[in-house]
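Protein sequences, first through last, are from chains A, B, C and D. Position one of the first sequence corresponds to residue 385 (the numbering used here), numbered consecutively onward. Position one of the second sequence corresponds to residue 385 (the numbering used here), numbered consecutively onward. Position one of the third sequence corresponds to residue 385 (the numbering used here), numbered consecutively onward. Position one of the fourth sequence corresponds to residue 385 (the numbering used here), numbered consecutively onward.
Derived from the structure by calculation, the hints contain no laboratory data. You may find that some hints are simply not true.
Any copy, or any two copies together, can satisfy a pair, since identical chains are not distinguished.
[Claimed, not checked] Here are the simulated lysine to any residue pairs, SDA-like style, with alpha carbons at most 25 Å apart:
1) Lys419 <-> Asp473
2) Lys514 <-> Pro563
3) Lys514 <-> Gly562
4) Lys443 <-> Pro465
Protein chains: 4
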Amino acid sequence: MKAHKAPNSARRNEQSRQAILTATRELIAEVGYAKVTIEAIASRAGVGKQTIYRWWPSKGFVVLESFVALIETEEGAVELPDTGDIEADLKLVMRETMEEFATPAFEAPIRALNTEIINDPALAEAYNEKLAAPTDEVMRARLRSARHAGQLSPDADLDLMAEMLYGPLYQRWLLRSGPLTPEFADGLVEAVLRAFGPRA
Amino acid sequence: MKAHKAPNSARRNEQSRQAILTATRELIAEVGYAKVTIEAIASRAGVGKQTIYRWWPSKGFVVLESFVALIETEEGAVELPDTGDIEADLKLVMRETMEEFATPAFEAPIRALNTEIINDPALAEAYNEKLAAPTDEVMRARLRSARHAGQLSPDADLDLMAEMLYGPLYQRWLLRSGPLTPEFADGLVEAVLRAFGPRA
Amino acid sequence: MKAHKAPNSARRNEQSRQAILTATRELIAEVGYAKVTIEAIASRAGVGKQTIYRWWPSKGFVVLESFVALIETEEGAVELPDTGDIEADLKLVMRETMEEFATPAFEAPIRALNTEIINDPALAEAYNEKLAAPTDEVMRARLRSARHAGQLSPDADLDLMAEMLYGPLYQRWLLRSGPLTPEFADGLVEAVLRAFGPRA
Amino acid sequence: MKAHKAPNSARRNEQSRQAILTATRELIAEVGYAKVTIEAIASRAGVGKQTIYRWWPSKGFVVLESFVALIETEEGAVELPDTGDIEADLKLVMRETMEEFATPAFEAPIRALNTEIINDPALAEAYNEKLAAPTDEVMRARLRSARHAGQLSPDADLDLMAEMLYGPLYQRWLLRSGPLTPEFADGLVEAVLRAFGPRA
DNA sequence: TCTTAATCGAGACGGTACGTCTAGTCTTCTG
DNA sequence: CAGAAGACTAGACGTACCGTCTCGATTAAGA
């Protein structure tokens, strides 16, 4: 595998970049990730194929950047609810997350990205840094608040806790190993809180 | 998508079938799943392409069957250790699972399968039934034994418990979102046992 | 340069072959040789690109074969006039040849072929064998008849004679180094006959 | 086809011009004309592509100018031998010409030019004027001398004679329609002299 | 035992997309 | 402010595979 070497970006055409990211998002929504081709993106964006190959090492990175760009525009409002009741808040968040996962418009591209991530460590790194890390940080912030409020054990490992909340959910969704029901979300939250609650 | 209709298997050539499954496994190990093509499998197996298309609906199913075939041959010995100490046993199992995940010979094909599963519900179902279910059942058997021994709460949800053990581990591995260290395994087991232990 | 290895032609699809040769001729007539692409030929012929690459080593050979095919269909009538007067016959033939050279429908593809021949010895060989040799043989047959009739010296080198008739004409045409006038043709014939006539 | 309009040459950078012509000659010698690209010339010459497009209408003209430039530097010594024996002199010249044609360093670029000339009338004109005409004139000068010496018929058409000497030779070479042997050269000269000799 | 019909290896077929290459134009920065 | 540097749109290149489709040549079943 040849390492991708991005050229000097000073001369980069920002209009083309935006057109490519937009076309990518549109195409994924229209025909599904697996059928999105570099040629189609270039054609839709009114751009030469070389312009894509010049700046991105693979389709996965184009897709990733197209989502990062989308998220960055709506940034700021990303924060979990904090009613003071950690259990209620977590259950709500988990249910909302599950619903998001069930939305085709959301599901398709994320599944797509995960497909690529599995076999591309470089893309995985970029994904974790650009998309997963911010999401996790939001969760950890809420947990930190709860711990401060005495609703969690003072020595609760919040990183592990976040992973225990998201991991089982994610697995069921990605591998379709089980249904995403509210009961599942509630049971998961309750179990995690038993593990990290103040009594533990 | 046209439904795959397997023809009458009475006339099926078992030698060809075995050659295909073996070639598939070899090729995945040699060049990685993404670069394995139907043509390469056919060529390696000394088989016409049509013979593959006749009996399997997609590459994913060939891969899946090649692993199922492998596992079925070594069946029987699959059982978790039971020293009477559930915490020690689980920690051991989790560490061993992690090591397995780190073995290239094991990692490559499982990643391969997961790639296909993500975008193919039918394959996901077959995967969960043929490969995941047996593994989970082994885990649940050990947990049932522990509950019977009073090391777990009488009303512990063993299905959920198994998912909480495997989910975070699986997520870290598949998405490379964190390192697979013994400390992580231990922390995970301890937290899950706090959630489902006799006091809870 | 990789040697072109035509596969076993037993399975060859004759319909596709004809469609390709026809499409090639049409495209050359429509847009000119330089702008004819393999992709366009394939598309026009309703054929996969690989089918062209499988059977021909380069665009030049496709073009060559398309003309050979054309000529072979009208075969049989190819013979020079023989009125008994070699000078008159040659002058007529040379003038007709010049007119042919001036016909766009004829000129374009032959120029095209010559372009390729210059830099491709293999194509040159095929061209000389398939297109040039038959034409030359027809000329030599007429000269042989004239020699037999005593209108040429008994030891006249007919091969050289043919080359001296066609060479200057060809050069003027290909390199546009001079006009193709009847006077030029007549002068050329007269000079060649002085060189190879019975008195010489 | 857009007419090429050379800009005001007052500001033209002579160093760049020379670098381009030199790079062109070197590249033709190294990789062959067909594989020479404008980009490669610009890169080798340390020049922007635009500088080439600004001053030359096509690759052919760059090649042509690169040879004209070369020839102009060694000009003056161009004259045919004149021993008084036209047959011996012509045979010598023809043999030398053939040898030149067989020299790769000479052959490659001339073939290259001819490739372009075939399909580009404007270039053909420039070629005939700049390269062919001087060569022909040298030949005609020698023939004029022979006619004056009574070795040729007083009314011999020297232009036609020159074409009859070069034409067959050129055709054999360009189309590889036959071997370039001394016997061929001698036979050609003898035949032409029979046609244009004093007796005729 | 002899059809006879499905399966087999083989590989040509019409296609799609790949990633690279070059053309010719346009833009930016530097000497 | 001309020129080097090089990014841009466009599109052909030749390759790799896809999944379908013949081709005989087995081969196993039932007549």
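- Message: Checking each numbered hint in turn, tell me which of them this model violates, lowest number first.
- Response: 1 and 4
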